[in-house]
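Novice: Residue numbers for the sequence shown follow this note's numbering, beginning at 432 and rising by one.
Hints listed in this document are in silico derivations from the structure and should not be mistaken for laboratory results.
There may be inaccurate statements among the hints.
[As the list claims (entries may be wrong)] Subject to a maximum C-alpha distance of 27 angstroms in a straight line, what follows is the list of computed DSS-like cross-link-like pairs (lysine-lysine): (1) Lys588 - Lys607; (2) Lys767 - Lys480; (3) Lys446 - Lys645.
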Amino acid sequence: MADNTTMEKIVSLAKRRGFIFQGSEIYGGLAGTWDYGPLGVALKNNIKKLWWDTFVDGRSDMYGLDSAILMNEKVWEVSGHTGAGFTDPLIECSKCKKRFREDHLEDTSKCPDAKCKGELGEKRDSNLMFETKVGAQGDTKSYLRPETAQGIFVNFKNILDTMRPKLPFGIAQIGKAFRNEIAPRDFIFRTREFEQMEIEYFVEESTWESEFEKWREQVLKWTDALGLSRENIREYEVPADELAHYSKRTIDFEYNYPGKGFDELLGLAYRTDHDLKSHQEGSGEKMTFTPIEGVPFIPHVIEPSFGVERALMAVLAEAYTEDEMNEDTRVFLKLKPELAPIKVAVFPLMKNKPDLVAKAREVFEELKETIPQIMFDDNGNVGKRYRRQDEIGTPYCITIDFDTLEDNTVTLRDRDTGEQKRIALNALIEALEL
Numbered sequence: 432m433a434d435n436t437t438m439e440k441i442v443s444l445a446k447r448r449g450f451i452f453q454g455s456e457i458y459g460g461l462a463g464t465w466d467y468g469p470l471g472v473a474l475k476n477n478i479k480k481l482w483w484d485t486f487v488d489g490r491s492d493m494y495g496l497d498s499a500i501l502m503n504e505k506v507w508e509v510s511g512h513t514g515a516g517f518t519d520p521l522i523e524c525s526k527c528k529k530r531f532r533e534d535h536l537e538d539t540s541k542c543p544d545a546k547c548k549g550e551l552g553e554k555r556d557s558n559l560m561f562e563t564k565v566g567a568q569g570d571t572k573s574y575l576r577p578e579t580a581q582g583i584f585v586n587f588k589n590i591l592d593t594m595r596p597k598l599p600f601g602i603a604q605i606g607k608a609f610r611n612e613i614a615p616r617d618f619i620f621r622t623r624e625f626e627q628m629e630i631e632y633f634v635e636e637s638t639w640e641s642e643f644e645k646w647r648e649q650v651l652k653w654t655d656a657l658g659l660s661r662e663n664i665r666e667y668e669v670p671a672d673e674l675a676h677y678s679k680r681t682i683d684f685e686y687n688y689p690g691k692g693f694d695e696l697l698g699l700a701y702r703t704d705h706d707l708k709s710h711q712e713g714s715g716e717k718m719t720f721t722p723i724e725g726v727p728f729i730p731h732v733i734e735p736s737f738g739v740e741r742a743l744m745a746v747l748a749e750a751y752t753e754d755e756m757n758e759d760t761r762v763f764l765k766l767k768p769e770l771a772p773i774k775v776a777v778f779p780l781m782k783n784k785p786d787l788v789a790k791a792r793e794v795f796e797e798l799k800e801t802i803p804q805i806m807f808d809d810n811g812n813v814g815k816r817y818r819r820q821d822e823i824g825t826p827y828c829i830t831i832d833f834d835t836l837e838d839n840t841v842t843l844r845d846r847d848t849g850e851q852k853r854i855a856l857n858a859l860i861e862a863l864e865l
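Input sequences plus hints: build the corresponding full structure.
Specialist: Below you can see the structure in the form of structure tokens.
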């Protein structure tokens, strides 16, 4: 991250280069919603793939799941989401009618809008769930899920019955969640629609502390895999009086976001046996694990919870770099190659030379069979193409020139250093180090 990195610069680049757009922008937008353009969705998918490869396919004790967004109303009653425990303190201005989170205000008597300064009303609790109706007559109440965790807990018995796992084991899923935030803010940091990458890891109560420490190390290694500097990562041990009702210990892993400071990136919580026990009582179904020799018991749970958007925001902030190249200021995203939306860009030196364009297309098509995330670019001069690819984080650029037609070598340029070297076409894949 450059010392002068600002969120405004990142937001501008994200819009200009096709990463992230305001939701419903042509109609004035909708607060707390964002659309992900071609490069944004590619970056999101790369983050999710890396997570799945690391925590699911890369382990022998993890089972994948994709649970429904809409669930029986009782799921949320039993889990405590319909009560006062899942609310934000809302306060409304009597003059402009704007609503604010009471705990985010320094003065809870006057509207924070400098143009208004009306009187603020009494605090009231605002439930964060989006309520909806299901069925042709709309006679069944449901909610857009506010978290993916409950989908895992209600499927605990199904995983036991079908996969026959041994403790400890985990259930993982990636999916959408929705929260009716009073004041969505800070770009994609706090939104009303977001994606979670979540794990519920089931353990014996006597082992929770050692398993918790193992997950703490795994979480830190994950931040390394994203390319985040340890200097920008801070662990916040949540005090006992601030813990969620289900948690006995929680660590928030915070990232030093530009212009914002340290704030939550992901969380690691020890949820005890609260959730499984609650669903056992609420549904009448046994949520117990039976060891080969021993008495059935309800496992305890360690939950590493990762937000896709917050990871993406941290990755963009960390990667944003400004330097001097050829006596000019250059902006580039120093993304890890496995996360970069585009891995390689292929250029013909000149777009008005049919032989160069044809050869560049040939190289492009051959490489695409091995590297799907590749781009063909012949718009503008080569210097402008380099700058454009730098801004979107493309690790390598390949230029097809007149020498290529003679000796089958190309110019390979490195994003981070700007270094260029001649490489034989048959040695390209090895040279790319992707």
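Novice: For the pair supplied as a hint, Lys588 and Lys607, is the alpha-carbon distance within the 27 angstroms limit?
Specialist: Given that 27 angstroms is the threshold and the Cα spacing comes to 23 angstroms, the pair holds.
Novice: For the pair supplied as a hint, Lys767 and Lys480, confirm whether the alpha-carbon distance does not exceed 27 angstroms.
Specialist: 14 angstroms, holds
Novice: Hinted pair, alpha-carbon criterion (27 angstroms max): Lys446, Lys645. Please report holds or violated.
Specialist: Since the Cα atoms of Lys446 and Lys645 sit roughly 39 angstroms apart, the hinted pair is violated (cutoff 27 angstroms).
Checked against the numbered hints above, the structure breaks only hint 3 and satisfies the rest.
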